[in-house]
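Engineer: I would like the entire structure built from these sequences, with the hints used as guidance.
There are 4 protein chains.
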Amino acid sequence: MTMDMMKGAMSSSGMPMKGMDPAMMQETMEALSACTQACIMCADADAGEGMGKCAGMCANCADVCDTMMRMLLRMNGWDMQVTMSMMQTTIMMCRACSAECMMHAEMSEHCRMCAMACDQAVMAMEKMMGSMSEAMPMA
Amino acid sequence: MTMDMMKGAMSSSGMPMKGMDPAMMQETMEALSACTQACIMCADADAGEGMGKCAGMCANCADVCDTMMRMLLRMNGWDMQVTMSMMQTTIMMCRACSAECMMHAEMSEHCRMCAMACDQAVMAMEKMMGSMSEAMPMA
Amino acid sequence: MTMDMMKGAMSSSGMPMKGMDPAMMQETMEALSACTQACIMCADADAGEGMGKCAGMCANCADVCDTMMRMLLRMNGWDMQVTMSMMQTTIMMCRACSAECMMHAEMSEHCRMCAMACDQAVMAMEKMMGSMSEAMPMA
Amino acid sequence: MTMDMMKGAMSSSGMPMKGMDPAMMQETMEALSACTQACIMCADADAGEGMGKCAGMCANCADVCDTMMRMLLRMNGWDMQVTMSMMQTTIMMCRACSAECMMHAEMSEHCRMCAMACDQAVMAMEKMMGSMSEAMPMA
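Protein chains in written order, with my numbering: chain U, 105 to 243; chain G, 105 to 243; chain L, 105 to 243; chain W, 105 to 243.
Some clues are possibly wrong.
Identical chains blur together in the list; that is why a pair holds if it fits in one copy or across any two.
Stated by the list, open to error - Each computed SDA-like pair below joins lysine to any residue, with the alpha-carbon atoms no more than 20 Å apart:
hint, residue 1, residue 2
1, K157, M128
2, K157, S212
3, K157, E230
4, K157, M124
5, K157, R216
6, K111, Q192
7, K111, M184
8, K231, M188
9, K157, E238
Please keep in mind that the hints were generated in silico from the structure rather than gathered at the bench. A quick note: this is a predicted structure, and the numbers were derived from the prediction, not measured.
Structural biologist: See below:
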């Protein structure tokens, strides 16, 4: 349904998103949503195990991914430069969170799964960054 | 993946969630996530059309559903009474948002789809409320 | 500044907020904002100390208070019944969080301060609930 | 109170924040919190006036500032590089939102005040970016 709504929004708004494929945007938003959820659960589980750094990074990663997704959903608020800057930050955040989680992935199943969710979000965003770079006049 | 992480968290925590079926929780969280996304998009589209009340209610509904989902994801923070109170509020919010969106569903496709997402979230939460009521010692 | 903007919004909107005093709303929003911040810090500190239940409840309380504040800021989205239901939930959440934090307030300074922030939010909201009940035709 | 909690957290954590002054961090967080609130109110008011682009940018700016503040509050999750990248994005977002709001500041008081809140957040963050750059070994 999100995708149907997004297609409608993209066609009705006169927004500079020519290079953007709705399916690719949908994939990115789903990866961000899954990453947010995995990070919230991982942070919660970490806290009971005294893993403070992992909990804090996962909580941050959840909020960053959530905000990134919200920006992509708001066609009217679209600003290419800000979107790209936020996506670079989100990629950096997901990579840092994944690296932290991988340090205890062997003994902690939730960290292993959270790292996977972060990695998938990075992959989806990198693909989208490529499309946005092409859509930019010269960046 | 969310469901796998949740099953792990539910089995490892000694939390009072005996009546709770992971598949039902997963369904509720997916409905809440879809409703959050639909509401953010609907609020954004509304704003460009001068539909202030619908935009404000959708923005509120997005935040309420998002918070409800975050609470369900945090096994360690689980408190049955607070969870049930928040779920009653979320059901009321989704119903109010759906009613508002339905008032202009014929001329606005995003409102029609947003109302559907709200209704589906209500259905999933009502099912879960039933299970939680049974799980409560006497409520 | 928030208060100036709110006064402007309250006078320009034809919203059913006759019983509402801008100063009282401002006080409530400040208490909610302070509580959100205290809860995020407390959850973060808890996680490093293995206090999983406190961390989870504080994280939930932060999100609930944040959403409550966002609802109060959106004059166009105002719905008296939903606002009152959300405020009852927020009061219950703050009380539960304060009770949990008070259990280790002697050994943990951040828990003692977080409990205080929760209590102040409860006091501000109870005052506002009184005004809203009077403003309701018959509730 | 936020500042007292933060000083406690900064002294107890062995985190690489040597260059960071608690008063400066507090000032930044207050500016971010005020900006979040101003943006939520401005987005809500915009929506009733059909100002879709301004509403969307303000809604985005609110979420970005909120997430930035949450990251600063989480001492355990602190990662200097990610924090700096997020702060650069937040500065860019606030500048874009301020520019959009200034385009209708004369006829819209909430836009004028929202632009001011964005500008103040930018000033606080630029000061903090300076300190963080010095604190970085070589960046």
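Engineer: Could you work out which earlier hints the structure fails to respect and list their numbers in ascending sequence?
Structural biologist: Hints 1, 3, 6 and 9 not satisfied by this model.
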